Amino acid sequence: MKRHLISAADLSRDDAVLILDTAEELARLADRPIKKLPTLRGRTVVNLFFEDSTRTRISFEAAAKRLSADVINFSAKGSSVSKGESLKDTALTLEAMGADAVVIRHHASGAPHRLATSGWINGAVVNAGDGTHEHPTQALLDAFTVRRHLSPAASGVGQDLAGRRITIVGDVLHSRVARSNVHLLSTLGAEVTLVAPPTLVPFGVESWPCEVSYDLDAVVGKTDAVMMLRVQRERMNAAFFPTEREYARRYGLDGDRMARMPEHAIVMHPGPMNRGMEITAEVADSDRCTAVEQVANGVSIRMAVLYLLLGGNESAVAAARTEESK
Amino acid sequence: MDARTSDAARPVLEAPDIARVLTRIAHEIVERAKGADDVVLLGIPTRGVFLARRLAARLEEITGKPGRIPVGSLDITMYRDDLRLRPARALARTEIPDDGIDGRLVVLVDDVLFSGRTIRAALDALGDIGRPRAVQLAVLVDRGHRELPIRADYVGKNLPTSLRETVKVQLTEEDGRDSVLLGLRETTPADGK
Numbered sequence: 001m002k003r004h005l006i007s008a009a010d011l012s013r014d015d016a017v018l019i020l021d022t023a024e025e026l027a028r029l030a031d032r033p034i035k036k037l038p039t040l041r042g043r044t045v046v047n048l049f050f051e052d053s054t055r056t057r058i059s060f061e062a063a064a065k066r067l068s069a070d071v072i073n074f075s076a077k078g079s080s081v082s083k084g085e086s087l088k089d090t091a092l093t094l095e096a097m098g099a100d101a102v103v104i105r106h107h108a109s110g111a112p113h114r115l116a117t118s119g120w121i122n123g124a125v126v127n128a129g130d131g132t133h134e135h136p137t138q139a140l141l142d143a144f145t146v147r148r149h150l151s152p153a154a155s156g157v158g159q160d161l162a163g164r165r166i167t168i169v170g171d172v173l174h175s176r177v178a179r180s181n182v183h184l185l186s187t188l189g190a191e192v193t194l195v196a197p198p199t200l201v202p203f204g205v206e207s208w209p210c211e212v213s214y215d216l217d218a219v220v221g222k223t224d225a226v227m228m229l230r231v232q233r234e235r236m237n238a239a240f241f242p243t244e245r246e247y248a249r250r251y252g253l254d255g256d257r258m259a260r261m262p263e264h265a266i267v268m269h270p271g272p273m274n275r276g277m278e279i280t281a282e283v284a285d286s287d288r289c290t291a292v293e294q295v296a297n298g299v300s301i302r303m304a305v306l307y308l309l310l311g312g313n314e315s316a317v318a319a320a321r322t323e324e325s326k
Numbered sequence: 001m002d003a004r005t006s007d008a009a010r011p012v013l014e015a016p017d018i019a020r021v022l023t024r025i026a027h028e029i030v031e032r033a034k035g036a037d038d039v040v041l042l043g044i045p046t047r048g049v050f051l052a053r054r055l056a057a058r059l060e061e062i063t064g065k066p067g068r069i070p071v072g073s074l075d076i077t078m079y080r081d082d083l084r085l086r087p088a089r090a091l092a093r094t095e096i097p098d099d100g101i102d103g104r105l106v107v108l109v110d111d112v113l114f115s116g117r118t119i120r121a122a123l124d125a126l127g128d129i130g131r132p133r134a135v136q137l138a139v140l141v142d143r144g145h146r147e148l149p150i151r152a153d154y155v156g157k158n159l160p161t162s163l164r165e166t167v168k169v170q171l172t173e174e175d176g177r178d179s180v181l182l183g184l185r186e187t188t189p190a191d192g193k
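Chains as they are written, first to last, in our numbering: chain C, 1 to 326; chain W, 1 to 193.
These are calculated hints, taken from the structure and not from any lab test.
It is possible that part of the hints are untrue.
Heads up, incomplete: computed chain C residues facing chain W, CB under 8 Å, no partners named [what the hints assert, rightly or not]: (1) 18; (2) 21; (3) 34; (4) 122.
None of the values given here were measured: they were computed from a predicted structure.
Even for Gly, the Cβ is constructed at its ideal location relative to N, Cα and C.
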């Protein structure tokens, strides 16, 4: 029996709303003296990280621990992987240790899919970011943050994001966060606009369910949420824009641009932030920036995903169930 | 459960009976708690929550303290012992009154007491939330067939049933009418309630 979360595009609207609603209930745990539930007692969750990450790994670890699962952290540095072990052999090792779920981050797009469909392991596979492909739990926590802010009545439980205008700004080309967000937010009914220099817009974007603009000022005035992407210097092996200053001037969010946003609109950033590059310190430290809140919401979302994938005898998320028949 | 309850389901309690029974339970709570000063009512979703609210309204009437009886809800899904037998379920709301439950008399409220496993889960959940002075249990219907050493302190109606029968509680807030229906199971899967 397999149940996986590989791509945000696999989630139906109902699946996505179920995950957000579950996260909404789990978020209330943070106010309790004992922030722990016995639900996944005796289950083992392996965090398999082939790429550096602080917040995603810690977030998954906190989520699994709050559900009483046993957590094994595995990072490629200092492991057999640095001695040349393949993904397959690593997976077989984890399987022999009895992993019920593997949370994988990999620099190669498609690695989680390979892991899930190869038959190497029986546990659930959760994609925690693969190359420039997808990062579905980040998209879920972003959608969760948007819903909480824009539908204050009962935190929007049961609702999607129909009619909300969300703008994603920056390095879309290298961004798995952007890719997952475009799929998920459009599934939830939001109108997504990508804003980036032409060199940082991915090939084939016409087929994505979103608009594309090259002018941030034209979009900023009529948006409900602006999502700033980090300029991923480590993935940039070519000159995508003339200078950092020019990028910051045209595509960075500063106080002036923020002032032109509608009153209720929020500024989001998946972190880590490059202050002075895509976002100024003034904006990053303002009340409208939800970066820190997104981290807190990340734990709730990841708890919801782990619970829905592992909590029952089969996945409660339909998309993950159909994966079984593939 | 509706689909499995045959059309021949017959009402064992109607709206006036339910109203009377809740009033009686409220009086019993006041009597046993000597005034209901430190009572906190926690309903178990879905229908237990509505029953808890109705009980609170009656307690306030009896004690003459409008708005002074704290009511909340306690979702026990994450504490169930049969989670692995079915797909993961959607969660319901847990709402603990602002003053908490430490040192209070918590009365758990549910619609049907059957195996007792729900209440076992509720007691575990309570332990993670605080330390009540005491915990009591109020149910609208006790249908027997306990699988754990658990009993109710306040029972609306004792309803001897066979395992082939179903007990369905309907409340205005959720179902549009008040009644307790006794029906026959069409198939016989081991069901939670």
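Going through the hints against the structure:
1. 18: 6 Å, holds
2. 21: With a minimum Cβ separation of about 7 Å from chain W (threshold 8 Å), the hint on residue 21 of chain C holds.
3. 34: It holds, given that the least Cβ distance between residue 34 of chain C and chain W is near 4 Å, below 8 Å.
4. 122: 15 Å, violated
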